[in-house]
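J.: Given chain A, put chain B in place with the hints provided.
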Amino acid sequence: MTTSSYAIRDSATMLRRNLRHIQRYPGMTIGVLATPVFMLLLFRYVFGGTLGAGLGGARPGGYISYLAPGIIVLAVSAASVSTAVAINMDMTSGIINRFRTMAIARVSVLTGHVLGSVLQTVAAAALVTALAVALGFRPTAGPAAWVAVIALVTALAFALTWLSVALGLVAKTPESASNLPLPLMFLPFLGSAFVPAQSMAPGLRWFAEYQPFTSIIETLRGLLLGTPIGNHALIAIAWCAGLALVGYLWARARYNRAAAR
Amino acid sequence: MRNQKLALAVSVTGLRKSFGDTTVLDGIDLNIQEGTIFALLGPNGAGKTTTVQILSTLIPATAGEVRVAGHDVAAEPDLVRAAIGVTGQFSAVDDLLTGQENLLLMADLYHLNRQEGRRRAAELLDQFELADAAGQTAATYSGGMRRRLDLAMTLMGRPRILFLDEPTTGLDPRSRRRMWQIIRDLVAGGTTVFLTTQYLEEADHLADRIAVLDQGRLVADGTADELKRLVPGSHIRLQFTEPGELRAAARALGQAPPDDQGLTLRVPADGGVKSLRAVLDQLDAQSVEVAALTIHTPDLDDVFLTLTGHPGRARHPGDASTDDASTDKDSPR
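Protein chains in written order, with the working numbering: chain A, 2 to 262; chain B, 4 to 336.
Next comes chain A alone, as it looks inside the complex:
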């Protein structure tokens, strides 16, 4: 067998291991879902009336339609925590040294985590989308747009997962690994997830317009509801590619450097 087919085989083995972890430790998956579900309910039933009125009644589908794309993105970013913790638990337990002393494709330890996390994250996003639909969200997307939605959500999940892998490798304990990705979870709040960037105070507004999540949310909103996308799509793709690359390079450097602890 060649090296690259070993890399695929070993990554598949590690993916099976991580999927079994997800199955054995459902608390983590529930934790991943809790944040976006809670926010969805909170903004739909508690703040939604006022916010919806503030945005003006002209929007199609009411506030839930404005809210849903942001919540889907929040579901993706909330999953970062479980990725970082899972990686860190592997790194701080002895098993990583076992893997490092075996003749296996080195990167498979990380790719197994990444693939498992992306699957988990996309599934969480799908569940949250279904819940939003149950609460009155009515997307108008056609089949092509849905494919684009899935692609964008997967790309974002891929980018944030690599970033979380790096954060999980940087953290010294699983506790700090669960704290490091929190900024990723807050960023959608400081973007156009819940209210338009134009409605924010000037400094914050500037930040909201240029941070990665706004373009991603606006693209998703456009795909799902037919609102104008403009150049957000291109910026969203660039952000996903950039974040994925930074996360991958950072994670790889940390992984190769991390000596036995």
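Heads up, a few of these hints could be off.
Part of the chain B face toward chain A, derived, beta carbon under 8 Å [as the list claims (entries may be wrong)]:
hint: 1; residue: 33
hint: 2; residue: 37
hint: 3; residue: 61
hint: 4; residue: 233
Not close to chain B: a few residues of chain A, all C-beta gaps over 12 Å, as computed [said to hold, decoys possible]:
hint: 5; residue: 23
hint: 6; residue: 26
hint: 7; residue: 90
hint: 8; residue: 99
hint: 9; residue: 140
hint: 10; residue: 184
hint: 11; residue: 186
hint: 12; residue: 197
hint: 13; residue: 211
Keep in mind the hints are simulated off the structure, nothing from the lab. On a predicted model such as this, the values are computed, not experimentally measured, just so you know. By construction, the Cβ of each residue, glycine as well, lies at the ideal position given by its N, Cα and C atoms.
T.: Positioned in the frame of chain A, the structure of chain B alone reads:
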């Protein structure tokens, strides 16, 4: 010359390792024959784990040449990895997987086919007395069970050279003996074992050769007996019932009678049968009555004390506290 090189499982020349300004290994040379048990003995912080980490390709050496299974660890790490198995000081099992799943994970990573993997997993579960717990997650295992699972996972790949970093630290005496038996069986099957330990007794029991590591340097290297011979202090101790006999014995053996009022005479001897017989013959010739006789051979505690000058950090298994520098370790024969 070539054959001799092939028969070496591990060869290390001038190995040095520093972390920043701290030198952990300061010029180590080692040659380990295939099919033997080698013990690296040393107190905590001597550099044992660092040595294992370098030999098992986990961390790079600062300087020196390290060949394991005939391959340079820096140039051909994957060829080294294919030949070795490592069971570290900290358990490397997956807590969320069952015992059997842990072994099957290893089978997949060693690229065994499915059937072979299942067969070997069942075999190892039996051999390590884990068959009953095969379906439980490793998180529920006791310390001894985890160590056994850990080692079983390492053996899944049939390593030619096995590194065991403090394999019995923290185990109860029964689990420790069981682990020793497992290690002996492995070597009987042709595996080379590189063992680190802070337990003198363990090195004495298991190892064909022992090297003593202290503050990053090897201070001795040899068989347990050779090491013990490095230490002066072998003597025969004779016990008498009355002072007259003691004085007679001292005269017979050409010794000055002890000043104190005791009834014990210490006669220097190398611990061999010949010197013992000579002493007894001399006593017989003078018809001296000996109440009891003990032979004191230095054990590895003495070796350690002599070589390193700080005895308190090396321990016997099971010793709760620090001190084993006591001088009175006579073993009745």
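J.: Taking the shortest Cβ-to-Cβ distance between residue 90 of chain A and chain B, state whether it exceeds 12 Å.
T.: Incorrect as stated: the minimum Cβ-Cβ distance to chain B is 9 Å, not above 12 Å.
J.: Going by Cβ atoms, does residue 99 of chain A stay more than 12 Å from chain B at every point?
T.: violated, 4 Å
J.: Against chain B, does residue 140 of chain A keep a CB gap of more than 12 Å to every residue?
T.: Given that every Cβ of chain B is farther than 12 Å from that of residue 140 of chain A, nearest at about 37 Å, it holds.
J.: Given residue 37 of chain B was flagged as interface, is its beta-carbon under 8 Å from a beta-carbon of chain A?
T.: violated, 19 Å
J.: Taking C-beta pairs only, is residue 26 of chain A more than 12 Å away from all of chain B?
T.: Given a closest Cβ separation of 6 Å, the condition is violated.
J.: Decide, holds or violated, for the assertion that all CB atoms of chain B are farther than 12 Å from the CB of residue 211 of chain A.
T.: Nearest chain B Cβ is 41 Å from residue 211 of chain A, so the label holds.
J.: Per the stated criterion, does the least C-beta distance between residue 23 of chain A and chain B lie above 12 Å, as a non-interface residue requires?
T.: Nearest chain B Cβ is 10 Å from residue 23 of chain A, so the label is violated.
J.: Are residue 61 of chain B and chain A close enough, Cβ to Cβ, to be under 8 Å, as the hint says?
T.: holds, 5 Å
J.: Hey, is residue 184 of chain A genuinely clear of chain B, shortest beta carbon separation above 12 Å?
T.: Given a closest Cβ separation of 28 Å, the condition holds.
J.: Can we trust that residue 186 of chain A is non-interface, i.e. its beta-carbon lies farther than 12 Å from all of chain B?
T.: holds, 25 Å
J.: Double-check residue 233 of chain B for me: the hint is only fine if its C-beta lies closer than 8 Å to a C-beta in chain A.
T.: violated, 33 Å
J.: Check the non-interface label on residue 197 of chain A: least C-beta distance to chain B beyond 12 Å or not.
T.: Given that every Cβ of chain B is farther than 12 Å from that of residue 197 of chain A, nearest at about 44 Å, it holds.
Against the hints set out earlier in the document, violations occur for numbers 1, 2, 4, 5, 6, 7 and 8.
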